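Enquirer: Model the full structure from these sequences, guided by the hints.
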Amino acid sequence: MITINERSRDAEPVALADAIRAALQVRADGFARIEADAALWIGLARGCAAGWHDLGALWVDDHHVRMALWDAQENCRAIVSLSLKVGAYPSVGLHHPPALRLERAMRDLYGAIPEGIPDERRWLDHGVWPGREHEPGYHFLPVEGNGLHQIPVGPVHAGIIEPGHFRFTANGETVARLEARLGYVHKGVEALAQGAPIEKAAKLAARMSGDSTVAYSFAFARSVEAALGWDVAPRAQLLRGVMAELERLSHHVSDVGAICNDAAVAALLARCSLIREDMLRTQAALFGHRMMMDAIVPGGVARDIDAAGATAILALLERIELGFHRVVRAYDQSPSIQNRTHGTGIVQPDFIRQFAAGGFVGRAGGRAFDARRAFPYPPYDAVAFKVPTREESDVDARIWIRIEEIAESTGIIRQLLGKLEAGPIHAAPPPFQPGAGAALVEAFRGDLFLAVRIEEEGRIAHMHARDASWFQWPLLETAIDGNIVADFPLCNKSFNCSYSGVDL
Amino acid sequence: MHILLLDALLKGPATERAPSPDEAAVADLARALGTRARARLGRSLAIREVDAGSCNACELEIQALGNPVYDVERFGLKFVASPRHADVLLVTGPVSWNMREGLERTYAATPDPKWVVAAGDCAAGFGVFAESRACAGAVAKIIPVDLVIPGCPPTPTDLLKGLLALVEGTARPTR
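Respectively, the protein sequence lines represent chains A and B. Under full-length UniProt numbering, think of the first position of the first sequence as 1, with each following residue one higher. Under full-length UniProt numbering, think of the first position of the second sequence as 1, with each following residue one higher.
I should point out that these hints are in silico values taken from the structure, not numbers from a laboratory. Model, not experiment: these values are computed from the prediction. It is possible that part of the hints are untrue.
[Claimed, not checked] Think about it this way: if two alpha-carbon atoms lie no more than 16 Å apart in a straight line, the pair counts; the simulated EDC-like pairs of lysine to aspartate or glutamate are: (1) A:Lys-203 x B:Glu-131; (2) A:Lys-85 x A:Asp-62; (3) A:Lys-200 x A:Glu-457; (4) A:Lys-85 x A:Glu-115; (5) A:Lys-419 x A:Asp-304; (6) A:Lys-200 x B:Glu-131.
Expert: As structure tokens, then:
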């Protein structure tokens, strides 16, 4: 292995805010661009480890390794690029473990070697890609002790869910360690996007994690618009917000039901799934697709709603509130469910901070980060809403965060609909020129980062998305420690991480 | 909780009338399946869902089949936890290379007689990931497929029509 610079491995931690002050101007997308040398790269990585700023994403593009970093308190964010030297760069994971899986994934996809990475195992490459076959074995981390046994689960799971492998090491009923192995639904999205026209890449982005299709389309559209200097009409911004909040609502409602179902209370799942079905039908009628797939496009939205449509959404919100209010009361008054959810699957706040876990996983454990609030983007810069947080960090707290966010989302939708004024919903693209853009939007799971680079003729040179689940999956492994195996479905459902979103 | 139960009693079921099975598909299936194990299973099918690389949108709509509006179990269609209990594999996704072995082994673990339904555009071979080098291609390239239900994702009604066609097709004697 080549050593880039032995001395730089000991570089002092660097705070992002200081690095940005020394760098160039902040771009239209809100991210400063920093061309780093190895010392600054390592300094910023160690700054992550020191808790001075959050690691947002790490990816490889155009012979560079790039890292998105942000610091909500200092209100700054940046994309730091380091040129690969003979295909290698100093490992971030060496200093800051949350980067490990990102670096393993990028090595599998692009061959970029993270020098000094403490975990040499492959991640997305399972040894079966044509022309790259190798011994398919995978070494799970060793667990030692008396009376331990292993329970392998998956990749094909018992429910109607995505595939992944969970390796439990248990002592009797109690889980001593859980390690996940993912990558089974790797579809090569980034490679497919390379060279694709914007419309085709938009369809790919919308299908990176189908349950967050609106959020992905939103993030893709915003990053393309930032790259090209493409202005979006106010009405389109408002409708995007309405769709994004409807998506959040539908998942929060149905996941609360699904968690209760995993505590064997099927009646609440039935109630919640009725609300979700009601939503999906209304969405199909108004936006042309049950999940509003491809409804947000670069330059605006694909479909407008009329006054009757706005009224239909308001009526839907009332039905949601009435139906869900009963579910919440039933949950709140059922000791038999709460007996399962209280104190179950606790994530240590230290891990939440270290991994910068977003969404309800972070907020249930005291991390108040919400992309809509931390780095406001239209239309959220013009609406009032609260970001609920809790401290307990257990399954129950994650349920309550969702319950409280449902109330916030209905409030946001009403405000957005109240602001709707007649106007265009789509703008023609400006003349194409090469450029790069990034966006951070709040999906129902948490913050979703997406970056694009566009080359001549409006083709995508590179697209990278970092789902919130990247930094939540490892925390699920910690949450189950000391719990019983039978509570894993509850913990898992309370996280509801995406497989497709992280398998790329 | 009692308010919910009372509400359910007073309002009656939310379940909707069944869509009619896709007639063309029934005829095709009856021909195709007739020489195999028709009517052996009565009118009940146990289904094992396999995600072979889907973006999870198909899974959401398949899950929706179980909600009270579609109530798929009233047709004798039941989702089971193991392929060893299944008559039907309902497969989604463009069959990522990383899931190919999982799919093959699930198919091998399913006892005969068995049927395979490829659900969604990806599983049918014409989704947005069809050209990916990380994907092996349509489900039919890996295991024999009896019925294709297209859509991105297929709606619960599309899925129900297809699955009802399968029930009819397996139950209808060939002439």
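Enquirer: Does the structure keep A:Lys-200 and A:Glu-457 at a Cα separation of 16 Å or less?
Expert: Roughly 14 Å between the alpha carbons, so the hint for A:Lys-200 and A:Glu-457 holds.
Enquirer: Given the hinted pair A:Lys-85 and A:Glu-115, is their Cα-Cα distance within 16 Å?
Expert: Holds, at roughly 11 Å.
Enquirer: Assess, step by step, whether the Cα of A:Lys-419 is no farther than 16 Å from the Cα of A:Asp-304, and give holds or violated.
Expert: It holds: about 15 Å lies between the C-alpha atoms, which stays within 16 Å.
Enquirer: Between A:Lys-200 and B:Glu-131, is the straight-line Cα distance small enough, at 16 Å or below?
Expert: Holds, at roughly 12 Å.
Enquirer: Check whether the Cα positions of A:Lys-85 and A:Asp-62 lie no farther apart than 16 Å.
Expert: Given that 16 Å is the threshold and the Cα spacing comes to 12 Å, the pair holds.
Enquirer: Just to be careful, I want the Cα atoms of A:Lys-203 and B:Glu-131 compared with a cutoff of 16 Å; is the pair within it?
Expert: The given pair, whose Cα atoms are some 14 Å apart, holds under the 16 Å limit.
Checked against the numbered hints above, the structure breaks none of them.
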